[in-house]
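All chains, please: the whole structure from these sequences, using the hints.
Protein chains in written order, with my numbering: chain A, 1 to 113; chain H, 1 to 112.
Simulated from the structure, these hints should not be mistaken for laboratory data. All figures in this text were calculated on a predicted structure; none of them were measured in a lab. Be aware that one or more of the hints could be misleading.
What the hints assert, rightly or not - The calculated label-pair distances, taken between Cβ atoms and stated as ranges, are:
#, chain 1, residue 1, chain 2, residue 2, range
1, H, Gly-16, A, Ser-30, 44 to 50 Å
2, H, Leu-112, A, Gly-53, 48 to 54 Å
3, A, Gly-96, H, Arg-22, 30 to 36 Å
4, H, Gln-98, A, Ile-60, 17 to 23 Å
5, A, Ser-30, H, Arg-57, 20 to 26 Å
6, H, Asp-84, A, Ser-52, 36 to 42 Å
7, H, Thr-20, A, Phe-14, 44 to 50 Å
From the three backbone atoms N, C-alpha and C, an ideal C-beta is built for every residue, glycine too.
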Amino acid sequence: AQSVTQLDSQVPVFEEAPVELRCNYSSSVSVYLFWYVQYPNQGLQLLLKYLSGSTLVKGINGFEAEFNKSQTSFHLRKPSVHISDTAEYFCAVSGGGSYIPTFGRGTSLIVHP
Amino acid sequence: ETGVTQSPTHLIKTRGQQVTLRCSSQSGHNTVSWYQQALGQGPQFIFQYYREEENGRGNFPPRFSGLQFPNYSSELNVNALELDDSALYLCACQLAGQETQYFGPGTRLLVL
Numbered sequence: 001a002q003s004v005t006q007l008d009s010q011v012p013v014f015e016e017a018p019v020e021l022r023c024n025y026s027s028s029v030s031v032y033l034f035w036y037v038q039y040p041n042q043g044l045q046l047l048l049k050y051l052s053g054s055t056l057v058k059g060i061n062g063f064e065a066e067f068n069k070s071q072t073s074f075h076l077r078k079p080s081v082h083i084s085d086t087a088e089y090f091c092a093v094s095g096g097g098s099y100i101p102t103f104g105r106g107t108s109l110i111v112h113p
Numbered sequence: 001e002t003g004v005t006q007s008p009t010h011l012i013k014t015r016g017q018q019v020t021l022r023c024s025s026q027s028g029h030n031t032v033s034w035y036q037q038a039l040g041q042g043p044q045f046i047f048q049y050y051r052e053e054e055n056g057r058g059n060f061p062p063r064f065s066g067l068q069f070p071n072y073s074s075e076l077n078v079n080a081l082e083l084d085d086s087a088l089y090l091c092a093c094q095l096a097g098q099e100t101q102y103f104g105p106g107t108r109l110l111v112l
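If you want it as structure tokens, here you go:
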């Protein structure tokens, strides 16, 4: 069985500051990893994904994430956030022959002016 | 823009009633999954449909059922609604054998 832990339920940060949203996963098989963003009253939008290859993955809106197999982590980073990045961020994992992802509980990123 | 649409956007029902939610994809994605997202939680997998048959199910009771049509659109039906069914219901479409899901905007269901 797979599971995802998002270590922070809420991350407040000032505009133009860097941010890291943490995600750890548990899986006994090789994994696919995803970050999704959800703006208020909307569905989920794919930010980026790791399938294989380079461990540093770049996504939309200036976000990137690094896959660390030894630490079973897939942390999301952005060097300089904007007010418009305020949203809920979800980490998800799939793999082992299943393409059905398991989601974490989400991290609320709050960007202050 | 994912090309996945859901209807209706909002819905209010009373306990014991039945509801049908709809999902369609413009991109020919032949696999559809449904998720329930309670307030403050991540999406929970309900079930998946491929080739008009259920292809996997999460920990949800049988009163949650679904359909997939030949054009790959899908319905989620919930019978005997309970207060705890109040949530955002998301559908996600993907091509069979591909790892990426594309989500619709969701239907927000309120059960009174």
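Results for each hint:
At about 45 Å, the CB distance of Gly-16 of chain H to Ser-30 of chain A agrees with the hint of 44 to 50 Å. For Leu-112 of chain H and Gly-53 of chain A, the hinted distance range of 48 to 54 Å is satisfied, since their beta carbons lie about 50 Å from each other. Against the hinted window of 30 to 36 Å, the Cβ-Cβ separation of Gly-96 of chain A and Arg-22 of chain H comes to about 31 Å, which satisfies the hint. Between Gln-98 of chain H and Ile-60 of chain A the C-beta distance comes to about 19 Å, which sits within the given range of 17 to 23 Å.
In this structure, Ser-30 of chain A and Arg-57 of chain H meet the distance hint of 20 to 26 Å, their C-beta atoms being roughly 24 Å apart. Checked against the hint of 36 to 42 Å, the C-beta distance between Asp-84 of chain H and Ser-52 of chain A comes to roughly 39 Å, which is consistent with it. Remark: the range hint 44 to 50 Å for Thr-20 of chain H to Phe-14 of chain A is upheld by a beta-carbon distance near 45 Å.
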